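**Q** Read in order, the letters of the sequence shown are residues 1 to 153 in the UniProt record's numbering.
FYI, nobody ran anything at the bench for these hints, they're computed from the structure. Values in this document were obtained by computation on a predicted structure and should not be read as measured data. Please note that the accuracy of each hint is not assured.
Stated by the list, open to error - No farther apart than 30 Å at their CA atoms in a straight line, the calculated lysine-lysine pairs in the DSSO-like style are these:
1. 34 to 19
2. 146 to 128
3. 19 to 81
4. 41 to 100
5. 19 to 128
6. 100 to 128
7. 34 to 49
8. 81 to 100
9. 100 to 49
To be verified - Each pair of labels, with its calculated beta carbon distance range:
10. 63 to 107: 38 to 48 Å
11. 126 to 9: 16 to 26 Å
12. 100 to 79: 21 to 31 Å
13. 86 to 41: 26 to 36 Å
14. 118 to 78: 36 to 46 Å
Backbone N, C-alpha and C define an ideal beta-carbon position, used for all residues, glycine too.
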Amino acid sequence: MVQSYLFLILLLIIGLIAKNQSLMIAIAVLLILKIIGIDQKMFSFIQSKGINWGVTVITIAVLAPIASGQIGFKDLLESLKSPYAWIALAAGMAVALIAKNGITLLTQDPHITAALVLGTILAVAVFKGVAVGPLIGAGIAYMGMKVVELFTQ
1 MVQSYLFLIL LLIIGLIAKN QSLMIAIAVL LILKIIGIDQ KMFSFIQSKG INWGVTVITI
61 AVLAPIASGQ IGFKDLLESL KSPYAWIALA AGMAVALIAK NGITLLTQDP HITAALVLGT
121 ILAVAVFKGV AVGPLIGAGI AYMGMKVVEL FTQ
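Turn these sequences into a full structure, and let the hints guide you.
**A** Below is the structure:
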């Protein structure tokens, strides 16, 4: 029990050093839930539903310019005249497919989350990266693991 507090506090310190607001808020919420004693019920609920909530919030953020009228059909059709738009289209499709495998990996092997989170935190703290969450990292890890399995079996 003490170990989980120490681990979260260490991650909070790293979040403070890296100035990663999302990480700091997430850790603060988890610490508060632990301190007030509702962690057992809430953590399992959050673990089972959290990824879907996150994907929903990100989807809302991405679709907001369409809902606000900033982006319309005309803009979409105009953008498709650019080769860069086709690259972006392919990249968006690739990331969605890679992330799908990330969900599979996190469901089948949840302990891998610790390594993914540590990698994300290190990239943010040391290389000024952007924390996009463990989902795409899990998808990339899944692909890497499948390549390793291909050559080792």
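**Q** A separate judgement is required for each hint: does it hold in the structure or not?
**A** Do the hints match the structure? See the list:
| no. | hint | result |
| --- | --- | --- |
| 1 | 34 to 19 | holds (23 Å) |
| 2 | 146 to 128 | holds (29 Å) |
| 3 | 19 to 81 | violated (39 Å) |
| 4 | 41 to 100 | holds (27 Å) |
| 5 | 19 to 128 | holds (10 Å) |
| 6 | 100 to 128 | holds (26 Å) |
| 7 | 34 to 49 | holds (18 Å) |
| 8 | 81 to 100 | holds (29 Å) |
| 9 | 100 to 49 | holds (15 Å) |
| 10 | 63 to 107: 38 to 48 Å | violated (26 Å) |
| 11 | 126 to 9: 16 to 26 Å | holds (20 Å) |
| 12 | 100 to 79: 21 to 31 Å | holds (25 Å) |
| 13 | 86 to 41: 26 to 36 Å | violated (47 Å) |
| 14 | 118 to 78: 36 to 46 Å | holds (42 Å) |
Consistency note: the structure conflicts with the earlier hints numbered 3, 10 and 13.
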